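K.L.:
Chains as they are written, first to last, in my numbering: chain A, 1 to 179; chain B, 1 to 76.
Misleading hints may appear alongside valid ones.
As the list claims (entries may be wrong) - Residues from chain A shown here face chain B by an in silico Cβ test under 7 Å; the list is partial:
| id | residue |
| --- | --- |
| 1 | 24 |
| 2 | 70 |
| 3 | 71 |
| 4 | 105 |
Simulated from the structure, these hints should not be mistaken for lab results.
Every value quoted in this text rests on a predicted model; they were computed, and no experiment measured them.
Glycine included, C-beta positions come from ideal geometry on N, C-alpha and C.
Residue strings, one per chain:
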Amino acid sequence: MVGEEERRHFAFHSYCIRPNIHFEGQFDDEEVLLVVRPHPISQLSWIINGFILILILILVDITLLNSLTFMHFIVINTISFVLVLSFLWFNFLAYFFNIGIITNQRLIDVDYSTVFYKDISETIYSKIEDVSAKSTGVFQSFFDYGDVYIQTAGSDNNVQFKSIHKPSQVVKTIISLIE
Amino acid sequence: MEFFKIITSQESTIFLIKTLSITFSFLFLLYSLIMFRQVKIMVKTYRVSREKIIILISFIQAIMAAFLILISLFLI
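Could you put the whole structure together from the sequences, leaning on the hints where they help?
P.N.:
Put into structure tokens, the structure is as follows:
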């Protein structure tokens with residue numbers, strides 16, 4: 001069970017066992033057992049887009065090298081470079097802080113769909129009715145990531161962990177905590 | 001004809017680029033400041049050991065935005 005495994009946590013890992021972290025609203029006797037975030041492979045789209053933007057910038061530089069004054073060249077490149085870095089940083093923050101927290105008392109899903117949209121869902125184990133995992137496609141099967149759905153009783157919000165690493169293991173962990 | 005010459009002259013082009021750069025830089029500064037505030041909220045929600053690095057990078061982004069305004073004002 002996760003609580004018995006030794007601590008394994010690196011800052012940017014997508015599957016952190018007993019990490020040394022604290023979250024807002026954590027109770028004094030509440031222990032964080034597992035923190036999950038989307039698998040890095042699922043973030044490839046914005047990483048590749050960032051590289052493409054840098055390549056485009058280089059190509060534009062080569063094309064316009066003789067058409068612009070030195071000052072204009074510096075200004076355009078500075079603005080473009082800052083834009084690209086901001087794009088990468090924005091997406092990194094959305095990835096890094098989009099987490100699922102499994103404690104000894106409850107499940108918490110912190111969603112930042114974009115950086116400015118925050119959605120926190122939580123549930124205690126006694127309210128969980130069903131836990132399931134879903135991995136579809138070649139990438140998800142090969143890299144072992146997928147979605148975990150936690151269905152809660154009545155009109156309470158269901159909790160979802162999207163594109164997380166080892167979804168089956170997470171389901172097992174949650175079920176062991178329910179029992 | 002005179003008007004057409006004025007709006008297509010090099011000075012007008014530089015003026016247009018400068019105006020757009022300053023406007024964009026100012027909007028980017030606003031965005032950076034909002035991002036910095038939002039990052040502080042995010043770090044408060046989920047406290048990690050490297051939160052200072054994350055806050056620092058967001059702060060540097062705001063500094064770069066201010067730097068862009070200066071560049072737009074004085075280098076174009």
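K.L.:
All hints, please: hold or fail.
P.N.:
Right, here's what the structure says about each hint:
For residue 24/A, the interface hint holds, since its Cβ comes within 7 Å of a Cβ in chain B; the closest pair sits about 5 Å apart. The closest approach between the C-beta of residue 70/A and any C-beta of chain B is roughly 10 Å, which is over the 7 Å cut-off, so the hint fails. Proximity of residue 71/A to chain B holds as hinted, the smallest CB-CB distance being about 5 Å (cut-off 7 Å). Because the smallest distance between the Cβ of residue 105/A and any Cβ of chain B comes to about 17 Å, over 7 Å, the interface hint for this residue is violated.
Consistency note: the structure conflicts with the earlier hints numbered 2, 4.
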